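S.K.: The chain contents come next:
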Amino acid sequence: MPLNWVLVLTTFLFCVGVYGVLARRNAVIVLMSIEIMLNAVNLNLIAFNGALEGDRLIGQVFALFVIAIAAAELGVGLAIVLLIYRNSFTVSLDEVNLLKW
Amino acid sequence: MVTTLATAAEHGAEVAASTGAPLEMAWLIPIIPMVSAAVIWGVGKRFPKKGAEIGILAMLAVLAGALVVFFDTIGHIAADEGWHGYERAVTWMNFGPGTTLELGFKVDGLAAVLLVVVGVVATMVHLYASSYMHDEVRVTHFFASLSLFTASMLNLVLANNTIQMLVGWEGMGVCSYLLIGHWWEKHENSSAAIKAFLTTRVGDVGFMLGIFVLFWGAQSFNVGVISEMATAGDIAKGTLTVGAILLFCGAIGKSAQFPLHTWLPDAMAGPTPVSALIHAATMVVAGVYLVARMFPVFAAAAPVALEEVAIIGSITMLIAALLALVQDDLKKVLAYSTISQLGYMIAGLGVHAYTASVFHIWTHAWFKALLFLGAGSVIHAVHSNKMSDMGGLYKKMPVTSITYIIGGLALAGFPPFAGFWSKDELVLGAYTQAMEGSGAAMFTFIAMLVTAFLTALYVARMLALTFFGKPKYDEKHVHPHESPKLMIVPLMILAALAVAGGWVGLPGEMNQFGKWVHLPGSEHEPFNMMIAVVSTGAALAGFGIGWAIFRLGKVKVDLQKTALAPVYKLLVNKYYLDDIYWKFIVRPVRDRLSAAAYWINMKVLDGAVNAAGIVAVKTGDFMYRDVDQGLIDGGVNNLAGLMGLAGSKLKFWQTGNMQRYAAAMFLGVAVLVGAFVFFRI
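Residue numbers (the working numbering), protein chains in the order written: chain Z, 1 to 101; chain D, 1 to 681.
Hints in this document: simulated from the structure, not taken from any laboratory.
The model shown is predicted, which means the values in this text are computed figures rather than measured ones.
Glycine included, C-beta positions come from ideal geometry on N, C-alpha and C.
A couple of the hints might just be wrong.
[Stated by the list, open to error] Cut-off 20 Å, straight-line C-alpha distance, at most; resulting in silico cross-link-like pairs (PhoX-like, lysine-lysine):
| id | chain 1 | residue 1 | chain 2 | residue 2 |
| --- | --- | --- | --- | --- |
| 1 | D | K395 | D | K515 |
| 2 | Z | K100 | D | K649 |
| 3 | D | K515 | D | K396 |
| 4 | Z | K100 | D | K651 |
| 5 | D | K386 | D | K472 |
| 6 | D | K476 | D | K583 |
[As the list claims (entries may be wrong)] Sample of chain Z residues with no beta-carbon within 12 Å of chain D, all distances over it, derived:
| id | residue |
| --- | --- |
| 7 | T10 |
| 8 | L13 |
| 9 | A27 |
| 10 | I36 |
| 11 | L38 |
| 12 | L64 |
| 13 | A72 |
| 14 | F89 |
| 15 | L93 |
| 16 | L98 |
| 17 | L99 |
Throw the hints in and build the complete structure from the sequences for me.
M.R.: Dropping the structure here:
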């Protein structure tokens, strides 16, 4: 499987993630979109490892780190969203703009 | 310039060749009272006698030093008739090639004799004053000034150059001002102090100019160098004459010669011990000493300068003796007699009687110190200066009276008292010069004889009115009694000297004084019996007439009712000299010159100062309001305002919307990536 195919796929996945982060209002959807972006990166790491390094699994190890950190990030992120919801009964990012001037 | 250096070197070598150990330390003599003055001013108040004991101790040290130096000096003179003296100096200031100012001293017969005079009189005055001033105000200050006064005179006596003499000279001016004005609470006293200071200052200007003229002529301040060059004829005669006359102006002021003598009687405002010190050993003697010290200059500038000296001295002795006749104040009689006796000395120098003049300083110091201290004792007893409040004190104060009478007889010039020997030599000197055809000396000779007569006359009057006759003081309130021991003992010592002090200058082979103090070219005249008889006869006549009028009442004279009334009025008014000075010098200076100076001060100087002030205020105002407040502070404020404005506008970029921040971030990343890809960096 040529590298380019994987790169096209991961680029598509990343763009989907970016769109989700920038365009959607729902905080949960935004978190999911971030996961998509991270997974696109993971795929990239693995694909490049296969193409450049062969049997040395450097990319895969990096991917595992990313997954672990993503899990932690998601845990914190969902907790914040949950607390915001408890306080203001909304998960819409348009309305959660407390950190402004 | 080169010749000057050579002369100085020769002079120094010649003097240094004949040294003696005690003489090397002679510079300590003026230092001692200088230090004691500083100590008294510093810590004198803490001592039980408020500093008097420090002064007395210092004076005893000075006296001891003076006697050691004196005996060493006469030893040198006895060993070598041509001994020039001992001189030692260090460089004080260097003005350039060949012109140095030295700090040094010179001991020769003249200086040694003066050292003894100053040492003895200052010691006696200190002892006397420690009792006399016992419960007066500012005792500490008094003794400190007294010490400094003595130090200044010793400095003048020992100085080897004219500038150092000037330092001592002016030091005495300051101290006399301090001491005459000791009781400054009374306005007359402070006026007298100012008068003494300013009047002598008139002469001092002449002295200073004289120093400069002689420096111009000799390229040196050194007394020895100037004298040698003057004698050798290395200085132009015109320069010498001008220099000598200017120096003599200083002597006129300091030694109270006509026409600047008016300060001395007023100086009686000071405490009596001060009068004794001023009149006998310091201050007024300084002028005579100056002329004696610089005598080679005067001799080389003869006849003009010397004749001037002789005539001024003669006029002074005559007018002062006449004034002494009409004074009622005991101290003023003595003051005028001092002026008169100083006239003798000055006139003596003017007729080449160099040794005799210095001899007269020597004898005069003893009897005049004695008379002043005696007068102080009398005044102490009757609480008045006026002879019209005295009389009949002989029985109440025997020691004071006897010593005072001895002093009076010495002043009048009766043999064998001290005054006779010196006065006789002076008259003889004038006579010798007159016989050689000098008109000025003839005038001096006659003036001396007349003054001898007048002196005896006022001495008789003074003694008769003070000690004899009926008491004129208020017998109910004033009870005269003998003064304490500390005042009596100095009187007795001085009385002994007033009797025997002249015996060092006995005529003939016995004359030691003529060996101690002599100057080649002004040789000592041998004793002349005729002159001695004439001058003693004049004195006897004067004393006899005075005694007859004032004691015995044989001749009843009321001057105010005879043809002499205008003369009497003239004398009582002191020849109107004070009035003339007041009208033509003091008043114009005060009313015109001072007013003009005041006007210039107020309008011009103050105007300039005010203008400068106004400009400064305006500038400051401008700097504050426009530069500091406007430009600097304004700039800072405006910058801050600008920042605030920018902040208030730009803050809205922070919307709090997460997704906008994220979009900006992605945009930024995209731009960077684009740049990397596009520019291959």
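S.K.: Quick one: work out the minimum CB distance from L64 of chain Z to chain D and report holds if it exceeds 12 Å, violated otherwise.
M.R.: Given that every Cβ of chain D is farther than 12 Å from that of L64 of chain Z, nearest at about 25 Å, it holds.
S.K.: Quick one, are K100 of chain Z and K651 of chain D close enough, alpha carbons at most 20 Å?
M.R.: holds (9 Å)
S.K.: Is the claim that L38 of chain Z lies outside the interface with chain D correct, judged by CB distances over 12 Å?
M.R.: holds (15 Å)
S.K.: Between the alpha carbons of K515 of chain D and K396 of chain D, is the straight-line distance 20 Å or under?
M.R.: Distance of about 44 Å is beyond 20 Å: violated.
S.K.: With d taken as the least Cβ-Cβ distance between A27 of chain Z and chain D, does d exceed 12 Å?
M.R.: violated (9 Å)
S.K.: If I take the minimum Cβ distance from T10 of chain Z to any residue of chain D, is it greater than 12 Å?
M.R.: holds (15 Å)
S.K.: Going by Cβ atoms, does F89 of chain Z stay more than 12 Å from chain D at every point?
M.R.: Consistent with the label, F89 of chain Z stays out of reach of chain D, its closest Cβ about 18 Å off (over 12 Å).
S.K.: Taking the closest pair, is the beta carbon of L13 of chain Z still more than 12 Å from chain D?
M.R.: holds (15 Å)
S.K.: Please work out if K100 of chain Z and K649 of chain D have their alpha carbons no farther apart than 20 Å.
M.R.: The given pair, whose Cα atoms are some 14 Å apart, holds under the 20 Å limit.
S.K.: Examine each Cβ of chain D, and state whether all of them lie more than 12 Å from the Cβ of I36 of chain Z.
M.R.: holds (14 Å)
S.K.: Is the nearest Cβ of chain D still more than 12 Å from the Cβ of A72 of chain Z?
M.R.: holds (20 Å)
S.K.: Hinted pair, alpha-carbon criterion (20 Å max): K395 of chain D, K515 of chain D. Please report holds or violated.
M.R.: Distance ~43 Å between K395 of chain D and K515 of chain D Cα, so the pair is violated.
Going down the numbered hints, you'll see the structure goes against 1, 3, 6, 9, 15, 16 and 17, while the others check out.
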